[in-house]
Amino acid sequence: MLEASPKGTVPVLVLGDKVIDESNDIINWVLNDHKIFEVNLSDEQENLAKDLIKSFDEKFKFHLDRYKYASRYENSKFRTASI
573 MLEASPKGTV PVLVLGDKVI DESNDIINWV LNDHKIFEVN LSDEQENLAK DLIKSFDEKF
633 KFHLDRYKYA SRYENSKFRT ASI
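Per this note's numbering, the sequence shown runs over residues 573 to 655.
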């Protein structure tokens, strides 16, 4: 894994000589390159799914990081914030 992505974080998607090592970039690669929603969901359902993914990536992840890595955010006004 470290050979593919020296950052040492997961997930890592290796596609031949291309490496994607950000969660949201992997999700977007799947959604955009493989049209997984095209057959299974209506446009409205697809938009709702994308909004949910965005919410987890932005709002939820913000608070999750402050919980998981509390020592990094000791002086943050969001340290004890809840979702």
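Don't take every hint at face value.
To be verified - The calculated DSS-like cross-link candidates involving lysine-lysine, where the alpha carbons are at most 25 Å apart (straight line), are:
#1 607 with 590
#2 640 with 626
#3 579 with 626
#4 633 with 622
#5 607 with 626
#6 579 with 631
#7 579 with 590
#8 640 with 579
#9 640 with 607
#10 590 with 626
#11 622 with 607
Read the hints as simulated data drawn from the structure, not as lab findings. Keep in mind it's a predicted model, so treat the numbers as computed, not measured.
Consistency of the hints with the structure:
no. : hint         : in the structure
1   : 607 with 590 : holds, 20 Å
2   : 640 with 626 : holds, 20 Å
3   : 579 with 626 : holds, 23 Å
4   : 633 with 622 : holds, 15 Å
5   : 607 with 626 : holds, 18 Å
6   : 579 with 631 : holds, 24 Å
7   : 579 with 590 : holds, 15 Å
8   : 640 with 579 : holds, 19 Å
9   : 640 with 607 : violated, 33 Å
10  : 590 with 626 : holds, 24 Å
11  : 622 with 607 : holds, 13 Å
When each numbered hint is compared with the structure, a violation occurs for hint 9 only.
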